[in-house]
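Participant: Let the hints inform the model, and build the full structure from the sequences given.
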Amino acid sequence: MTGLQPGVRRRLPAARDAVDRLCREVRMGLLAGIPPRERFAVELLLREALMNAVVHGAQDQPDAEIDCEVRPVAGGIQIRIQDGGRGFDWRAHRRTVPEPFAERGRGLYILDRYASQVRFSGNGSQVEMTRMFQQGEAS
Amino acid sequence: MNFEIRREGETAVVAVHGDIVATSVPELRPALRDLVRSGARDIVVDLAQTAMIDSTGLGLLLSAFNSLSKVQGKFQVVHASDEIRELFRTMRIHQHFPVGGR
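Just so you know, the protein sequences line up as chains A and B, in that order. Letter by letter, the first sequence follows residues 1 to 139 in my numbering. Letter by letter, the second sequence follows residues 1001 to 1102 in my numbering.
If you're looking for bench data, these hints aren't it; they were derived computationally from the structure. Where is the CB? At the ideal position from N, CA and C, for every residue including glycine. Any given hint could turn out to be false.
[What the hints assert, rightly or not] To give a feel for the contact side, a few chain A residues facing chain B, derived at Cβ under 10 angstroms:
| no. | residue |
| --- | --- |
| 1 | ARG16 |
| 2 | ARG47 |
| 3 | VAL97 |
| 4 | TYR114 |
[Unchecked claim] Some chain A residues well away from chain B (every beta-carbon gap over 12 angstroms; in silico):
| no. | residue |
| --- | --- |
| 5 | PRO6 |
| 6 | GLY7 |
| 7 | GLY33 |
| 8 | ALA74 |
| 9 | ASP89 |
| 10 | PHE120 |
| 11 | SER121 |
| 12 | THR130 |
[To be verified] Simulated restraints on C-beta separations:
| no. | chain 1 | residue 1 | chain 2 | residue 2 | range |
| --- | --- | --- | --- | --- | --- |
| 13 | B | SER1038 | A | ASP17 | 29 to 35 angstroms |
| 14 | A | ASP60 | B | ALA1031 | 21 to 27 angstroms |
| 15 | A | ARG71 | B | THR1011 | 44 to 50 angstroms |
| 16 | A | ARG11 | B | ASP1042 | 45 to 51 angstroms |
| 17 | B | ASP1082 | A | PHE101 | 23 to 29 angstroms |
| 18 | B | ARG1092 | A | GLN135 | 21 to 27 angstroms |
| 19 | B | GLY1101 | A | ASP63 | 39 to 45 angstroms |
| 20 | A | GLN59 | B | GLU1027 | 21 to 27 angstroms |
| 21 | A | ASP89 | B | LYS1070 | 32 to 38 angstroms |
| 22 | B | PRO1026 | A | GLN135 | 35 to 41 angstroms |
| 23 | A | ALA74 | B | THR1011 | 48 to 54 angstroms |
| 24 | A | PRO13 | B | SER1038 | 36 to 42 angstroms |
| 25 | A | PRO100 | B | ARG1041 | 21 to 27 angstroms |
Facilitator: This is the structure:
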């Protein structure tokens, strides 16, 4: 079914409410027909990666812009996000298991746990993630 | 997102309507903080009307739990969706406080 859905490609301001609007659009549109477990997972990945781009890439400067594409691929969904910021040291942060009682620092860990594949490029200003639907979940 | 609080003595139920995410956490954080400061020692967050929690939202709930732990209080989440319960398990937060389903 997902192969029949058109993807979403947007350039949005680096602002938190713009992240909300895009996530709502994707939830109601592209993800509307997929099982709740996968819908939740893809939206969570999208939210975390976009917020990472807003906060760490664009430093919360709303005049900066973020490119985002969410598109169906065979058996799953791919997300690609690029910001024009100076990037961040993703190698140092990835796969770091959060401290049990820490109130911050779970965003990248969520990407690693919820995406089938995560690939940062260059200085960390571009990330591409694929979530393959679990067997029995895709229709 | 909006929320309503039902308070009875040291017990408070916070019913959240909407997502607990980076944009809504600044509204909810002061309410939870004020509850603890005003003597609430048993806080229940009702997620019956919540579809999404992100890492910022998880941080807020842990912050409330941490604050209550310091004063020997209790914190729990109820009526969470299957997806949110799985998120708590994946992030190993369910070890800290009870997370009830729908």
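Participant: Work down the list of hints and note, for each, if the structure agrees.
Facilitator: Cross-check of the supplied hints:
Contact between A/ARG16 and chain B, as hinted, is supported at the beta carbon level, the nearest pair being about 5 angstroms apart and thus within 10 angstroms. For A/ARG47, the suggested interface contact is upheld, since its CB lies about 5 angstroms from the closest CB of chain B, less than 10 angstroms. At a threshold of 10 angstroms, the smallest CB-CB gap from A/VAL97 to chain B is about 9 angstroms, leaving the interface hint in force. Look at A/TYR114: its Cβ gets to within about 8 angstroms of chain B, closer than 10 angstroms, so that hint holds up.
With a cut of 12 angstroms on Cβ distances, A/PRO6 stays outside the contact zone with chain B, its closest approach being about 23 angstroms. With a cut of 12 angstroms on Cβ distances, A/GLY7 stays outside the contact zone with chain B, its closest approach being about 21 angstroms. Once the 12 angstroms rule is applied to beta carbons, A/GLY33 is consistent with being away from chain B; the minimum gap is 16 angstroms. Distance to chain B confirms A/ALA74 as a non-interface residue, since its nearest Cβ pair spans about 24 angstroms, more than 12 angstroms.
Even its closest Cβ contact with chain B, about 18 angstroms, leaves A/ASP89 beyond 12 angstroms, as expected for a residue assigned away from the interface. Every C-beta of chain B lies more than 12 angstroms from that of A/PHE120, the closest at about 17 angstroms, which supports listing it as non-interface. No Cβ of chain B comes within 12 angstroms of the Cβ of A/SER121; the nearest lies about 22 angstroms off, and the non-interface call holds. Residue-level check passed: A/THR130 sits 18 angstroms from the nearest beta carbon of chain B, beyond 12 angstroms.
A beta carbon spacing of about 30 angstroms between B/SER1038 and A/ASP17 agrees with the range 29 to 35 angstroms that was offered as a hint. Taking 21 to 27 angstroms as the suggested C-beta distance range, the pair A/ASP60 and B/ALA1031 conforms, at roughly 24 angstroms. For A/ARG71 and B/THR1011, the Cβ-Cβ distance of about 48 angstroms falls inside the hinted range of 44 to 50 angstroms, so the restraint holds. A hinted range of 45 to 51 angstroms for the beta carbons of A/ARG11 and B/ASP1042 is consistent with their spacing of about 47 angstroms.
The beta-carbon spacing between B/ASP1082 and A/PHE101, approximately 25 angstroms, falls within the hinted interval of 23 to 29 angstroms. Distance hint for B/ARG1092 and A/GLN135: a CB-CB separation of about 25 angstroms, consistent with the stated range 21 to 27 angstroms. At roughly 43 angstroms, the beta carbons of B/GLY1101 and A/ASP63 sit within the given window of 39 to 45 angstroms. A hinted range of 21 to 27 angstroms for the beta carbons of A/GLN59 and B/GLU1027 is consistent with their spacing of about 23 angstroms.
For A/ASP89 and B/LYS1070, the hinted distance range of 32 to 38 angstroms is satisfied, since their beta carbons lie about 33 angstroms from each other. Checking the proposed 35 to 41 angstroms range against B/PRO1026 and A/GLN135 shows it holds: the Cβ atoms sit about 40 angstroms from each other. Evaluation of the 48 to 54 angstroms hint for A/ALA74 and B/THR1011 yields a pass: the beta carbon distance comes to about 51 angstroms. At about 38 angstroms, the CB distance of A/PRO13 to B/SER1038 agrees with the hint of 36 to 42 angstroms.
At about 22 angstroms, the CB distance of A/PRO100 to B/ARG1041 agrees with the hint of 21 to 27 angstroms.
Violated hints for the displayed structure: none, as all numbered hints are satisfied.
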